[in-house]
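Work out the full structure: start from the sequences and follow the hints.
Chains G and F, in that order, give the protein sequences.
The first sequence begins at 374 in this note's numbering and counts up by one.
The second sequence begins at 374 in this note's numbering and counts up by one.
Calculated cross-link-like contacts (lysine to any residue; reagent style SDA-like; alpha-carbon spacing at most 25 Å):
(1) F:K397 <-> G:S425
(2) F:K385 <-> G:E624
(3) F:K397 <-> F:R745
To be clear, the hints were calculated from the coordinates, so they are not data collected in a lab.
2 protein chains.
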Amino acid sequence: MRSVIAQLEASKIREIANADMGRKDVLAFWFGESDEVTPEVIRRAAIESLESGETFYSQNCGLPELREALGQYMTESHPAASVDAGRIVVTSGGVSALMLAVQALVDAGDEVVIVTPVWPNLVAQPTIMGAQVRCVPLRPHAGAWGLDMPALLGAITARTKLLILNAPNNPTGWTLTREEQQQILAHCRSTGTWILADEVYEKLYYEPTAQGCAPSFLDVAAPDDRLVVAHSFSKSFLMTGWRLGWLVLPEALVDAMGKLIEFNTSCASVFTQRAALAALAYRKEITPRVVSHFKHCRDTLVPLLAELPGVQVAPARGGMYAFFRMEGLDDSMEVAKRLVAEAGLGLAPGDAFGPEGRGWLRWCFASKDVGRLAEGVRRLREWLARQHG
Amino acid sequence: MRSVIAQLEASKIREIANADMGRKDVLAFWFGESDEVTPEVIRRAAIESLESGETFYSQNCGLPELREALGQYMTESHPAASVDAGRIVVTSGGVSALMLAVQALVDAGDEVVIVTPVWPNLVAQPTIMGAQVRCVPLRPHAGAWGLDMPALLGAITARTKLLILNAPNNPTGWTLTREEQQQILAHCRSTGTWILADEVYEKLYYEPTAQGCAPSFLDVAAPDDRLVVAHSFSKSFLMTGWRLGWLVLPEALVDAMGKLIEFNTSCASVFTQRAALAALAYRKEITPRVVSHFKHCRDTLVPLLAELPGVQVAPARGGMYAFFRMEGLDDSMEVAKRLVAEAGLGLAPGDAFGPEGRGWLRWCFASKDVGRLAEGVRRLREWLARQHG
Numbered sequence: 374m375r376s377v378i379a380q381l382e383a384s385k386i387r388e389i390a391n392a393d394m395g396r397k398d399v400l401a402f403w404f405g406e407s408d409e410v411t412p413e414v415i416r417r418a419a420i421e422s423l424e425s426g427e428t429f430y431s432q433n434c435g436l437p438e439l440r441e442a443l444g445q446y447m448t449e450s451h452p453a454a455s456v457d458a459g460r461i462v463v464t465s466g467g468v469s470a471l472m473l474a475v476q477a478l479v480d481a482g483d484e485v486v487i488v489t490p491v492w493p494n495l496v497a498q499p500t501i502m503g504a505q506v507r508c509v510p511l512r513p514h515a516g517a518w519g520l521d522m523p524a525l526l527g528a529i530t531a532r533t534k535l536l537i538l539n540a541p542n543n544p545t546g547w548t549l550t551r552e553e554q555q556q557i558l559a560h561c562r563s564t565g566t567w568i569l570a571d572e573v574y575e576k577l578y579y580e581p582t583a584q585g586c587a588p589s590f591l592d593v594a595a596p597d598d599r600l601v602v603a604h605s606f607s608k609s610f611l612m613t614g615w616r617l618g619w620l621v622l623p624e625a626l627v628d629a630m631g632k633l634i635e636f637n638t639s640c641a642s643v644f645t646q647r648a649a650l651a652a653l654a655y656r657k658e659i660t661p662r663v664v665s666h667f668k669h670c671r672d673t674l675v676p677l678l679a680e681l682p683g684v685q686v687a688p689a690r691g692g693m694y695a696f697f698r699m700e701g702l703d704d705s706m707e708v709a710k711r712l713v714a715e716a717g718l719g720l721a722p723g724d725a726f727g728p729e730g731r732g733w734l735r736w737c738f739a740s741k742d743v744g745r746l747a748e749g750v751r752r753l754r755e756w757l758a759r760q761h762g
Numbered sequence: 374m375r376s377v378i379a380q381l382e383a384s385k386i387r388e389i390a391n392a393d394m395g396r397k398d399v400l401a402f403w404f405g406e407s408d409e410v411t412p413e414v415i416r417r418a419a420i421e422s423l424e425s426g427e428t429f430y431s432q433n434c435g436l437p438e439l440r441e442a443l444g445q446y447m448t449e450s451h452p453a454a455s456v457d458a459g460r461i462v463v464t465s466g467g468v469s470a471l472m473l474a475v476q477a478l479v480d481a482g483d484e485v486v487i488v489t490p491v492w493p494n495l496v497a498q499p500t501i502m503g504a505q506v507r508c509v510p511l512r513p514h515a516g517a518w519g520l521d522m523p524a525l526l527g528a529i530t531a532r533t534k535l536l537i538l539n540a541p542n543n544p545t546g547w548t549l550t551r552e553e554q555q556q557i558l559a560h561c562r563s564t565g566t567w568i569l570a571d572e573v574y575e576k577l578y579y580e581p582t583a584q585g586c587a588p589s590f591l592d593v594a595a596p597d598d599r600l601v602v603a604h605s606f607s608k609s610f611l612m613t614g615w616r617l618g619w620l621v622l623p624e625a626l627v628d629a630m631g632k633l634i635e636f637n638t639s640c641a642s643v644f645t646q647r648a649a650l651a652a653l654a655y656r657k658e659i660t661p662r663v664v665s666h667f668k669h670c671r672d673t674l675v676p677l678l679a680e681l682p683g684v685q686v687a688p689a690r691g692g693m694y695a696f697f698r699m700e701g702l703d704d705s706m707e708v709a710k711r712l713v714a715e716a717g718l719g720l721a722p723g724d725a726f727g728p729e730g731r732g733w734l735r736w737c738f739a740s741k742d743v744g745r746l747a748e749g750v751r752r753l754r755e756w757l758a759r760q761h762g
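In structure tokens, the structure reads:
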């Protein structure tokens, strides 16, 4: 086996999740998914496709009608960008979208800059391709994380092949402003650096906006800028287990991406793509309800957490996580393991997302039953009281 | 974009398939899939899973019950190997299985040896990882292709990180004998070379055997040999569009493979894995019927082709393709394009599978209606007659 693969860090979240062996009553908030089943109308479309016998290979880049619908959907969200269907390729999940982008852009030995803390897959993917990864940490202020722009721009030089950003950010909820995006884009244009923007949480944005989504690099970039945007059906449509995503690319990259899809996964299942078409057709019923419920979850959880003694937390502007720290409890892995064993509470340790996340915990607040969040906080409060007892 | 990606050859098969624009009456045999819908009992299992709401993430390496069932299935086919479920990981298709294996084993600059002609994905995957690929051609004799063992063993040295073989072979139908496998394994043990055996066609084998499958490296290797075997539900269960496969690995590689799956595709959909469990449960009804029908297809097509003037063809021992050449017609791409336009017959050009395939054509005989094969040959005969007219 390659040493770079042997050395890939195993998921610290899975390590905690595996620690619940023997405890059946753990309230688990460790994974990044809602506990709500995919809406019936979406599942029905896949079932009808299966019943009608759509069980064959399809186009590498996705069904033409799905690419068309995604082009309209992206243009609706980003009117300034006007995303043509010809710039869209359908992928087998958001993670596959990101991996394909990295395969297309990063040679072994290339330098890649990544803003952390972040979903660990974003760091692992260029590492698998043999890249030199350089991380630029966000900085916390009173529980909210922000970008150190001079540090970021200083890290991106003419030697930087690719910048990878995830905003709204998993795990911190940090979201880029339009002005920050413009500054980063201008800098990357000057250094010739590609931007890979993981914007899968763009619809899970809780600030008032016209288009109902977070600022996107698509809003500020030209169609032929060195920009690749990764998306997923997982979050806004409650479709985590379906494994369907897409990329928005400069048109000049689309043919190559079709080849990479052929050599990685061939194509997405037609019945899954039919489900995605239903999701888009019913987007106005599904996503606003999901987002409004997640906001309710956030606004239930964060004040309850903030009331606890020694807890530092700020409401996330986007995403579906509360990222918080507890005074004097700096070993996140140990704390997360003890919370499972001693309080029946399942959270993700902050250092799963980068060393600067150490001392923090991630709580996924996408819970169908808001009462589960309150019960989780009750368990945490009692556990904390026992620590000082 | 990386130059190695820009230079990846686009599929010559797709190039021919795209040439049917405007002709609705083309009989297409160019893709490697049956035209028969997945059996009802398999589709039903996925539908029930969707109805019951199984729409969440699952284990990176696959559902434990599917890994268990695959372990039993592989052991049934290869009693000498006794494949433990712990050596199996479930992947999002056979092509994903192969790509993951290459990611695990091949660093940029490593030397990889591949036996060709072969499905072009096997050459593209190590190329994407930055490897130096060296191809060792099979040799045709009277329409049947065979291994040049001295050339192969001479090409594999201590510098060879990985040997990639596909047998039963797409496109030629060539199949390794047990003795050849033993010789190759012994040589690779001495050079420290990994073997990646693409055995997705093992059940589509038309010689008499006890276990109903082609010779496998699993039959001759030890569990900790440097051997990775790739499989797929696509061919033996008529499940091409589902995108589900698996790998059999040395146990020491399984944890790393779980990480690579996390970073490439996360996991396969649970409803697809439920379909796979149904496929395995009904394997004794499904696969023997499929194989017996494909054999009937082969034995219909090949004699008809052999009767044509100037045609050289031999019955494939395994797989689902007739690979043949026609005297004096050496430009496969041009011939394949003309057959689409002038005869309404869709075949794959042999040089899609390597330069030594030039002058040959691949005909996928997996056709539900055997009459389509006869009609295809009729069109070819008339077209040939016009060439000499």
